[in-house]
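Number of protein chains: 2
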Amino acid sequence: MYAPPVQRLITELGKLPGIGQRTAQRLAFHILRADAEDALGLAEAIREVKAKMGLCEICFNLADEARCPICRDERRDVALICVVEEPGDIVPMERTHEYRGRYHVLGGALSPIDGVDPEDLKLGELYARVEAGGITEVVIATNPTTTGEATALHIAAHLRGTAPDVSVTRLASGLPVGGDLEYADEVTLGKAFSGRRAL
Amino acid sequence: MYAPPVQRLITELGKLPGIGQRTAQRLAFHILRADAEDALGLAEAIREVKAKMGLCEICFNLADEARCPICRDERRDVALICVVEEPGDIVPMERTHEYRGRYHVLGGALSPIDGVDPEDLKLGELYARVEAGGITEVVIATNPTTTGEATALHIAAHLRGTAPDVSVTRLASGLPVGGDLEYADEVTLGKAFSGRRAL
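In the order they appear, the protein sequences are chains A and B.
The opening position of the first sequence corresponds to residue 622 in our numbering, with each subsequent residue numbered one higher.
The opening position of the second sequence corresponds to residue 622 in our numbering, with each subsequent residue numbered one higher.
The hints are simulated quantities; they were obtained by calculation from the structure and are not laboratory data.
Each hint should be verified, as a subset may be incorrect.
One copy or two, either will do: identical chains are not told apart, so a pair holds if it fits within one copy or between any two.
[Claimed, not checked] Straight-line alpha carbon distances no greater than 30 Å define the calculated DSSO-like cross-link-like pairs of lysine-lysine that follow: (1) Lys673 - Lys812; (2) Lys671 - Lys812; (3) Lys743 - Lys812; (4) Lys812 - Lys636; (5) Lys673 - Lys636; (6) Lys636 - Lys743.
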């Protein structure tokens, strides 16, 4: 129905997550209409990101050098490690300005049903960082999902055995700020209840 | 917050229609995680489409040669012209298999408020095709919107003056097939009523 270059572009756009056939067509026609500069800017940005970006040798965050900007920052507290699933989880954490330590990106969460086993994540590298010494706390900030919880428990059990002096903590689960008790699901509400704090 | 190549990719993705900041971030992280082959396939498809695709010299549809596949097809009825706003409007028309003539792509619809005047559309080229002779019917398939209707009336008025023997028609407006009278808006229902046909 479309000329081959147009069809190829629609196919490639349709491989992106959340982009269906209709949206891919709409985006393709936008790119066809757009200034050459804008369209080629996107093509070049894709090439550049694949050519230049790698993983930080310390924490496996995205990095355009051997180390990511956070691990290069000498003002960060090197005694704290916050464990996250994906590089994209670091930005919302940083936005809170609550945390001044370093990170460790696992590259996913344990999920045997999807074939994600401990050796598929950067767990060995995390344990090596802790065993190298100088770490006082590991904050586990995997997602509050089944797989994120399983990963958190797996890490906590390991570190209890190998590094009993390191405090291992987990982000609190509970009611989102600005939320409404009436609309809270029972699991979240249960977590909020069991995690209640003295005022 | 992000390394410059990642930020640049997010910015470029965010220029696409309907792609907000959040979605652009999600797509950028997908591209970062994707195989180099898939990511570069998208970059190459964008380059290729901008390098190879132009407009058909007859109808201004997208074309990877001087003429688009429809104008090259000798089985099409050259006495019929269907006028559409954008190249993307041709594919849904073709899917109906109701029309076997050629097209004419205006490149938009008249909208003085947005600065789109008759000379910004391929109207002169349409009138030249009709005046060259051999045309029996011009089907106006601009969108059933204010600007599409204004464009249709503009074309009809011009052709009545310069080519009175050519029949000028407009796609029917009415209830969508499978729709429900209860949920029809009053303008559509009014159009369906005034366009009613004998059974």
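Copy assignment of Lys812 with Lys636, given that the CA separation must stay at most 30 Å: neither (37 Å within a copy, 40 Å between copies)
Give the relationship of Lys673 and Lys636 under a CA distance limit of 30 Å: within one copy only, between copies only, both, or neither. Close inside one copy (22 Å) and across copies (22 Å); limit 30 Å.
Taking 30 Å as the upper bound on the Cα-Cα distance, should Lys671 and Lys812 be classified as within, between, both, or neither? Neither. Shortest intra-copy (41 Å) and inter-copy (53 Å) distances fail the 30 Å Cα cut-off.
Could you figure out if Lys743 and Lys812 sit no more than 30 Å apart (CA to CA) within one copy, between two copies, both or neither? within (28 Å within a copy, 63 Å between copies)
Please sort Lys636 with Lys743 into within, between, both or neither, judging by C-alpha distance up to 30 Å. within (27 Å within a copy, 34 Å between copies)
At most 30 Å between alpha carbons: which applies to Lys673 and Lys812, within, between, both or neither? For Lys673 and Lys812, the Cα distance exceeds 30 Å both inside one copy (42 Å) and across copies (57 Å).
Checked against the numbered hints given earlier, this structure breaks hints 1, 2, 4; the rest are met.
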